[in-house]
Amino acid sequence: MANRMVKNAAGRDVVTEINGQPAVPFKGVGKYKPEGRKHAPRISSCADYPDDGDKRVKTIKEALVKAGIKDGMTISTHHHFRNGDLLANMVFDAVNELGIKNIRWFPSASFPCHAHLIQYLDNGTIHHIEGSMNGPLGQYVSEGKMRGMAVLRSHGGRYQAVQDGEVQIDIAVIGAPKADPFGNANGLEGDSACGLLGFALADSQYADKVIIVTDNMVPFPCIPWQIQGNYVDYTVEVDKLGLPEEIVSGTTRITKSPDRLMLAEMTAKFCYEAGIIRDGFSFQSGAGGTSLAVGEFFKDIMKQKGIRARFVRGGSNKYLVSMLEEDLVDYILDGQTFDLEGVRSMRENPRHLWTSPFTSYNYHGKGNFAPLVDVAILGATEVDLNFNANVVTHSDGYLLHGIGGWQNCLFSKTVILPLPLVRDRVPVIIDEVTTLCGPGELIDVIVTERGIAVNPLRKDLLSMVKNSGLPLKSIKELKEEAERICGKPEKAQIEDKVIAAIKWVDGTIIDVVRKVKT
Amino acid sequence: MKKVAVTGNTGPRIRSDCELKLEIKSSGGIKINLESKVKVMYGSSITRLMEEGLNFFDIKHAVLDVNDSGALPFVHMARLEAAVKALVKTDKELLPEMSEYNRYLSDRERFRFSRLYLPGNTPSMMLNAGLHSPDGIILDLEDSVAPAKKHEARFLVRNVLRQVNFYGAERMVRINQGERGYEDLKYVLPHNVHLILVPKCESAEYLRELAKSADRILSENNIKQDLFFMPIIESALGVEKAYEIASAVKNVVAIAIGLEDYTADLGVQRTNEGRESIYARLRLVNAAKAARVQPIDSVFSDVSDMEALKAIAKMSKSIGFEGMGCIHPRQIQVIKASFAPELDEINKASEIVQAFNEAEEKGLGVVSIGSKMIDAPVVARARRTLALAEKLNLIPDEKESQENE
Numbered sequence: 001m002a003n004r005m006v007k008n009a010a011g012r013d014v015v016t017e018i019n020g021q022p023a024v025p026f027k028g029v030g031k032y033k034p035e036g037r038k039h040a041p042r043i044s045s046c047a048d049y050p051d052d053g054d055k056r057v058k059t060i061k062e063a064l065v066k067a068g069i070k071d072g073m074t075i076s077t078h079h080h081f082r083n084g085d086l087l088a089n090m091v092f093d094a095v096n097e098l099g100i101k102n103i104r105w106f107p108s109a110s111f112p113c114h115a116h117l118i119q120y121l122d123n124g125t126i127h128h129i130e131g132s133m134n135g136p137l138g139q140y141v142s143e144g145k146m147r148g149m150a151v152l153r154s155h156g157g158r159y160q161a162v163q164d165g166e167v168q169i170d171i172a173v174i175g176a177p178k179a180d181p182f183g184n185a186n187g188l189e190g191d192s193a194c195g196l197l198g199f200a201l202a203d204s205q206y207a208d209k210v211i212i213v214t215d216n217m218v219p220f221p222c223i224p225w226q227i228q229g230n231y232v233d234y235t236v237e238v239d240k241l242g243l244p245e246e247i248v249s250g251t252t253r254i255t256k257s258p259d260r261l262m263l264a265e266m267t268a269k270f271c272y273e274a275g276i277i278r279d280g281f282s283f284q285s286g287a288g289g290t291s292l293a294v295g296e297f298f299k300d301i302m303k304q305k306g307i308r309a310r311f312v313r314g315g316s317n318k319y320l321v322s323m324l325e326e327d328l329v330d331y332i333l334d335g336q337t338f339d340l341e342g343v344r345s346m347r348e349n350p351r352h353l354w355t356s357p358f359t360s361y362n363y364h365g366k367g368n369f370a371p372l373v374d375v376a377i378l379g380a381t382e383v384d385l386n387f388n389a390n391v392v393t394h395s396d397g398y399l400l401h402g403i404g405g406w407q408n409c410l411f412s413k414t415v416i417l418p419l420p421l422v423r424d425r426v427p428v429i430i431d432e433v434t435t436l437c438g439p440g441e442l443i444d445v446i447v448t449e450r451g452i453a454v455n456p457l458r459k460d461l462l463s464m465v466k467n468s469g470l471p472l473k474s475i476k477e478l479k480e481e482a483e484r485i486c487g488k489p490e491k492a493q494i495e496d497k498v499i500a501a502i503k504w505v506d507g508t509i510i511d512v513v514r515k516v517k518t
Numbered sequence: 001m002k003k004v005a006v007t008g009n010t011g012p013r014i015r016s017d018c019e020l021k022l023e024i025k026s027s028g029g030i031k032i033n034l035e036s037k038v039k040v041m042y043g044s045s046i047t048r049l050m051e052e053g054l055n056f057f058d059i060k061h062a063v064l065d066v067n068d069s070g071a072l073p074f075v076h077m078a079r080l081e082a083a084v085k086a087l088v089k090t091d092k093e094l095l096p097e098m099s100e101y102n103r104y105l106s107d108r109e110r111f112r113f114s115r116l117y118l119p120g121n122t123p124s125m126m127l128n129a130g131l132h133s134p135d136g137i138i139l140d141l142e143d144s145v146a147p148a149k150k151h152e153a154r155f156l157v158r159n160v161l162r163q164v165n166f167y168g169a170e171r172m173v174r175i176n177q178g179e180r181g182y183e184d185l186k187y188v189l190p191h192n193v194h195l196i197l198v199p200k201c202e203s204a205e206y207l208r209e210l211a212k213s214a215d216r217i218l219s220e221n222n223i224k225q226d227l228f229f230m231p232i233i234e235s236a237l238g239v240e241k242a243y244e245i246a247s248a249v250k251n252v253v254a255i256a257i258g259l260e261d262y263t264a265d266l267g268v269q270r271t272n273e274g275r276e277s278i279y280a281r282l283r284l285v286n287a288a289k290a291a292r293v294q295p296i297d298s299v300f301s302d303v304s305d306m307e308a309l310k311a312i313a314k315m316s317k318s319i320g321f322e323g324m325g326c327i328h329p330r331q332i333q334v335i336k337a338s339f340a341p342e343l344d345e346i347n348k349a350s351e352i353v354q355a356f357n358e359a360e361e362k363g364l365g366v367v368s369i370g371s372k373m374i375d376a377p378v379v380a381r382a383r384r385t386l387a388l389a390e391k392l393n394l395i396p397d398e399k400e401s402q403e404n405e
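Line by line, the protein sequences give chains U and X.
For the first sequence, counting from 1, position 354 maps to 354 in the working numbering; every step adds exactly one.
For the second sequence, counting from 1, position 101 maps to 101 in the working numbering; every step adds exactly one.
Everything labelled a hint here was simulated from the structure, so no lab data went into it.
Ideal Cβ positions, reconstructed from N, Cα and C, are used throughout, including at glycine.
Take these hints with a grain of salt, some might be off.
Chain X regions said to be covered by chain U (calculated; three or more residues, Cβ under 8 Å) [to be verified]:
(1) 42 to 49
(2) 140 to 149
(3) 319 to 330
(4) 351 to 364
Mimicking DSBU-like on lysine-lysine, the simulated pairs with C-alpha atoms at most 30 Å apart in a straight line are [said to hold, decoys possible]:
(5) U:K473 x X:K37
(6) U:K305 x X:K336
(7) X:K391 x U:K299
(8) X:K336 x U:K256
Going by beta-carbon spacing under 7 Å, a handful of chain X positions derived as facing chain U [unchecked claim]:
(9) R15
(10) S16
(11) V38
Chain U extracted, bound-state conformation (with noise of 0.2 Å):
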């Protein structure tokens, strides 16, 4: 059956119908709001729950069906331990055993890793995947093979869209590389060690049965608890949840790319000369290789001006350690933790704070931190002469990313993309962005080896930096050098059947994407 389409604000075609559910089209960032009460998971009893607060059993498999696994439930997992997760596989290979179909899996991001689970979309066990889809099963779902429509939400979308009862969860399972047999746990300790569970925190308070699964159970209590036992209905003890190596890297490195590294200085450039690096400012940085090295011109600039920052947002690794360390920022506010030394602040400095995506990214609450940060610096696989970006398909309409916490951040003061504006003939300034992820309004400014393009909404940052001696252009004057440089692309050719719904933070349909032509 068509589904039904209709024109967004964005000025995007997109679905009234997610696999059977309606769904709201975008209106217009802050113009969604809906009413009444949030999801509420149904009320437990102490006495259904072992006196002694030991809820363990003996395998994933048993857990899950104590937990009452039917066809067509929804089982959610989460990205903690990255492209090392054994976890996601372990449970679909259990859910599998049993004979279950229609399952609705709603990770909180999908790694390569998750290659494993193409034969469950295939046999359907899964019906659709609703998180992010990237590496081969992104391949798969962008070549239309998956039996539902994908959704793609953003890190606070995804809590949104659970409190909102959006999305509600019969089984969450949650890998915690410390916990108890009560289920309280944290990510801070053992083989297992990511830093923070704070994915999985939306998950533990909404859904309907909560399984915690570890690899080093300890005896009540588990401190600190990262997630609270009184959410949890069962604890499985396995041998190995993830590829230490895979979950944190021992080291993170800066990229050596002086291309990056160019990019990375001219932000940093940018931000100095638009006033945004001053006493008490805050800035949000990714892990990517060119965020990174912004986060280290930052540095450079603080140490020479004397200026201290309140706080970063972010991926914490040992470079924002150090900053931490070095009395140049008062305290790190961690959402995921990328290398060991991240893991080892976390532990050990009370000024290295977990957030998760409720206090930092939720919609639907009274406020959130992105707002108040000063500058984040994100990524984008393309951006238009709007402003309009997208991170999740590449030019040639295949599905390679998720959204992360990307849309969230673009609610900052301000938003820069440092995006190499050729790399290998692949122009990053297009007419129009193959999928919409964030709305031009809320992007500020985009870097590149070639120039610097601000939005012409943000004049008080023209005006800051058109002395800086910058090298300032139009995105028009970018695009028109990308395109002299590589030629004009054509566009990628696909089909009317649409694959995946693109939600916006407010739980709305910003875009959608479609098949592409195999």
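Once you've looked at the hints, dock chain X against the given chain U.
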């Protein structure tokens, strides 16, 4: 006659390049098989370019496999021409357009603090090199190109000279030694090359012969502008002959020292402190100054150690060198900053120039500051320092300092 030619590069680490396999047939028309990372965006334009290229060389029947990793059209053209010429004898050249922004000239006296080496057969490094603002960009046909790839690199370097924006850097090519070097000149000189680096130079005679060949090529192509030379001294014999080499032909503008080969020739280890090369360096500096050309120091190969680079560059400047080679773009700014005049140098220079101007206004024959007489060459050097400082934006802004007061 050979029927199949393979040119270019492919592999997991290869970017912005392509590998072509061309097989000329006797019938069947043109068949192009394209594999490309950017097939969706540029597939049909790549295929069209290849068809036009084969047609240009009058090839009517061929199978062409293109394995592309995001190469730009001038790279495709170079790879195709190299493949065709491996199979067919032809004098035709498949030239991309000469970009307007690449028509500027150089001059003898320009600064040559930093010159960035680019391996001549590696397209991925070419496009952005000029953005890092080196004083010169060297497209290298010599040591960084594998022997089997020497010929195809000529087409690529030629096309880079025509198409890639050098953003004002001096346009340099390092040719091969001996016969191959003469041949290299034919490929590159018609495309606005400013300077030729002559490796492992050991005699003035060789340089004179090379310059004669170059002149011939230039006049055949009706090119009037000067072509400069920078011989590289890389052996004990070369060091002994440094002055003769530096003054062999009038268009030598600099001589450089290559310490990797020099220390190998001496049979000693190359160190960061450079004790083993003190004689060679001082001799080279003196020879260069005697011949009124710029002495240029060797490259420093540890690209991650910026502190060591800074120390070496400062030392190098202090013994009279006027520049260094770079093998990584991040070295450029460090080297430029190290060779740039320091603030007290600038202040002294402006004092001298001011005194000279005042003396001239008053019609005085003798310039002095305090009790110290200022000679003409000192004024000339001070002017040069100021020009340099101005170009590097190092002159303290008077207006700003007044405002601050």
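Hint by hint, here is what the structure shows:
1. Counting residues of the stretch 42 to 49 of chain X whose beta-carbon sits less than 8 Å from any beta-carbon of chain U gives 4, enough to reach three: the coverage restraint holds.
2. Using a Cβ-Cβ cut-off of 8 Å, 0 residues of the stretch 140 to 149 of chain X lie near chain U, which falls short of the minimum of three, so the contact claim is violated.
3. Counting residues of the stretch 319 to 330 of chain X whose beta carbon lies closer than 8 Å to any beta carbon of chain U gives 3, which meets the minimum of three for the stated coverage.
4. Under the rule that three or more residues need a Cβ within less than 8 Å of chain U, the assignment of the stretch 351 to 364 of chain X is violated, with 0 such residues.
5. Restraint check for K473 (chain U) and K37 (chain X): satisfied, since their Cα atoms lie roughly 29 Å apart, inside the 30 Å limit.
6. Distance restraint check for K305 (chain U) and K336 (chain X): the Cα-Cα separation of roughly 23 Å lies within the 30 Å cut-off, and the hinted pair is therefore satisfied.
7. The straight-line distance between the Cα atoms of K391 (chain X) and K299 (chain U) is roughly 29 Å, inside the 30 Å bound, and the hint therefore holds.
8. Our distance criterion of 30 Å between C-alpha atoms is met by K336 (chain X) and K256 (chain U), whose separation comes to about 20 Å.
9. Contact between R15 (chain X) and chain U, as hinted, is supported at the beta carbon level, the nearest pair being about 5 Å apart and thus within 7 Å.
10. Hint on S16 (chain X) holds. Least Cβ distance to chain U is approximately 5 Å, under the 7 Å limit.
11. Given the 7 Å rule on beta carbons, the hint for V38 (chain X) holds: about 5 Å separates it from the nearest Cβ of chain U.
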